[in-house]
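Trainee: Residue numbers (the numbering used here), protein chains in the order written: chain H, 640 to 1022; chain E, 640 to 1022.
Simulated from the structure, these hints should not be mistaken for laboratory data. Don't take each hint at face value.
When chains are identical, the list treats them as one kind, so a pair holds in a single copy or across two.
Unchecked claim - Each computed DSS-like pair below joins lysine-lysine, with the alpha-carbon atoms no more than 25 Å apart:
| id | residue 1 | residue 2 |
| --- | --- | --- |
| 1 | K950 | K851 |
| 2 | K980 | K673 |
| 3 | K697 | K676 |
| 4 | K877 | K1011 |
| 5 | K859 | K707 |
| 6 | K953 | K676 |
| 7 | K673 | K859 |
| 8 | K851 | K697 |
| 9 | K958 | K701 |
| 10 | K980 | K697 |
| 11 | K673 | K953 |
Listed below, chain by chain, are the residues.
Number of protein chains: 2
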Amino acid sequence: MARAGVFRTPHGDIETPVFVPVATQAAVKALPPKDLKEMGVSVILANTYHLHLRPGEKIIKKLGGLHKFMAWNGPIITDSGGFQVFSLGFGLEQGVGKIAKIFPGEKKNKKIKGVNCGRKNFVKIDDDGATFISHLDGSLHRLTPEKSIEIQRNLGADIVLAFDECTSPLADYKYTKKSMERTHRWALRCLSVAKTRNLQALFGIVQGGAFKDLREESAKFISSLPFDGIAIGGSFGKFKKDMHRVLEWTIPLLPEEKPRHLLGIGGIEDFFECVDRGIDMFDCAAPTREARNGALMIRQGRLNILNSAYKTDKKPIEKNCQCYTCQNFSRAYLRHLFLAKEILAYQLATIHNICFVHNLVRKIRQSILDGKFQKFKKEFLKK
Amino acid sequence: MARAGVFRTPHGDIETPVFVPVATQAAVKALPPKDLKEMGVSVILANTYHLHLRPGEKIIKKLGGLHKFMAWNGPIITDSGGFQVFSLGFGLEQGVGKIAKIFPGEKKNKKIKGVNCGRKNFVKIDDDGATFISHLDGSLHRLTPEKSIEIQRNLGADIVLAFDECTSPLADYKYTKKSMERTHRWALRCLSVAKTRNLQALFGIVQGGAFKDLREESAKFISSLPFDGIAIGGSFGKFKKDMHRVLEWTIPLLPEEKPRHLLGIGGIEDFFECVDRGIDMFDCAAPTREARNGALMIRQGRLNILNSAYKTDKKPIEKNCQCYTCQNFSRAYLRHLFLAKEILAYQLATIHNICFVHNLVRKIRQSILDGKFQKFKKEFLKK
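Next up, chain H with everything else stripped away, as it sits in the complex:
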């Protein structure tokens, strides 16, 4: 199912498969746009919910839109705020991500501690939309499909997402079905207000949890609508292999000519396994977040740069890596910067991690064009 393609936007072409760095608050953390350009990043993803709260989409519009605001002249995707319906709601309450990762012997997931809001979670959902409590100041905010599209229109991204409810991997069949049906009604409402969308592409979102019939129903329904692309939202079950099954149920039912974006997923193995199942686009905050924690991506997994083994290590993070960091700095220097809490540590680590995943997905694309994807996948994953 692996495929290479091009999605054209008013701000340039997106060659797929592609990794999309996350710029939650209109900035890829610790990276100026010039560094992203330098490493060949073509498209980034910003966050409707966060930008609505601060600085507010009206201010961004007044300043000329998101591209001008953040000085990024390439394509931009904005998510719809739908993921926050989950992450600030059930996700926070149950302490889970899109994949639950319950391991044998553990009865239930741990609760996340430190929520200092005085409420159980930050979101209440009804059929019309969702009410959020701002994580910044506790104020109330309301998102509906119409409002989400309006905000995204003001932001002015090239690709906007339909407003959905991302269900918890711990939700039961009944709730997941009810939620999926609501997401479908919201999809229609998004299309209705976005029909004069001109240059803004609108992607629909497939939901249905880890239930085969729901995923199939959702894939068929979303495919039947005039979206410009299809995103596949969580939840994906308890383990990574559950996510693979979800993709195997969903993707064969999607129209071939539309790009497929797997929302919020971006591990090394995921790129291979999900491209293999027909995914074109990935976004994920992990490479930037891990960089700031000193977890540097290497072919074998992660290198914890704080480890004293690197105290006098002259080698770059990853042999043969062409990124600015690996071309100029040793592990010993990076470790020193992390221990000294120098801001430069976070910059150099982020450059490496983003470069690493960007180049890996570029290589995957090239291997597809060369007809050698399966060979590349096998070789890469065995190491």
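Chain H is fixed; fit chain E onto it per the hints.
Mentor: Just chain E now, kept in the frame of chain H:
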């Protein structure tokens, strides 16, 4: 007294007058070397005391020296640790900098709070050297003139400084004289161990506080020795004008062919007033530190980017500024990044501040070459 010159080092020429960004822990805070090169910075200053404590000069030597360690192939200056004799000693105890800034009505300077070491200050001085309590872990460290030169030799900078005692601006005549005489004895010891210095230039340091006869004595003594350049150390009295007087006493007694470095000073007015009195080199941590606090340098002084007046301000920080930040981003965007505590805020602000002072000193140099320094000074300072 204003003059333009060139000081040649093994890692390139330093055109003076010059502003030297501070890279205390082998990194200019929030700036990768490529950004420094991009803005035309030629030379940086790293800190012997800090690098001795972490990661240790032996590790840096093992990794190929400071240039290779931090991937900076231009000239590097290392200070001697002498400034820490003051800043962690009397400076901390009395809560003062190189200029005391006691204003009428204030009886004495405020003590700095929050020293959690359980001791009054971090340094004890004797005639042989100084014993430091590490600010990192409380361990004891000893610096002598010989040890300081040895550390600086291991670091491998192009220009190293003699080990001195920087006295407090609150010290009396008697102590300042005693300390200056000790600094002179230390200067001889530094020269003695550095006589095989080959490619490393050694600068002597003039002390003497704000006392005319001591400054003159120190200027004459340091000038009589075979140093490659002369640094002028604090203290400089209670007000900026006291510093100007110190320079007027000192500089006419210095050899004309040697560069003159004013240690730790770098305000906008200082560049004009001190170049006017014959200074060639400045280093100062203020532009980078202020940048991280959102104080952005403009011709009129400082712009506090957190001010709500900039909420929707489309203008760059400074009109006509050629730095990457001003060429690409609005005040409104920078304010957003600061409010959101994005690491990118500190990077972009630092780029601007360093670019601003670097270019200002470059313009001062050009005005000297054009015979228009006095005109430029008058025009700039009246605004």
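Trainee: Each hint: holds or not?
Mentor: Hint check results:
Proximity of K950 and K851 under a CA criterion of 25 Å is satisfied in neither setting, with 50 Å inside one chain copy and 49 Å between copies. Taking CA atoms no more than 25 Å apart as the test, K980 paired with K673 passes in both settings, with 24 Å inside one copy and 20 Å between copies. In the homo-oligomer, the alpha carbons of K697 and K676 never lie at most 25 Å apart, since the shortest distance is 27 Å inside one protomer and 38 Å across protomers. Neither within a single protomer nor between protomers do K877 and K1011 lie at most 25 Å apart by alpha-carbon distance, with minima of 31 Å and 73 Å respectively.
In this assembly of identical chains, the alpha carbons of K859 and K707 never lie at most 25 Å apart, being 37 Å within a copy and 58 Å across copies at closest. In this assembly of identical chains, K953 and K676 lie within 25 Å of each other by CA distance solely across copies; the values are 23 Å between and 28 Å within a copy. In this assembly of identical chains, K673 and K859 lie within 25 Å of each other by CA distance neither inside one copy nor across copies; the values are 41 Å within and 51 Å between. In this homomeric assembly, K851 and K697 never come within 25 Å of each other (Cα to Cα): the closest approach is 41 Å inside a single copy and 61 Å across copies.
Taking CA atoms no more than 25 Å apart as the test, K958 paired with K701 passes between copies only; the shortest distance there is 20 Å, against 46 Å inside one copy. Proximity of K980 to K697 under the C-alpha cut-off of 25 Å is restricted to the inter-copy arrangement: shortest distance 21 Å between copies versus 36 Å within a copy. For the homomeric pair K673 and K953, the shortest alpha-carbon distance between copies (20 Å) is at most 25 Å, but the shortest distance inside one copy (28 Å) is not.
The structure fails hints 1, 3, 4, 5, 7 and 8 (numbered hints given earlier, in ascending order).
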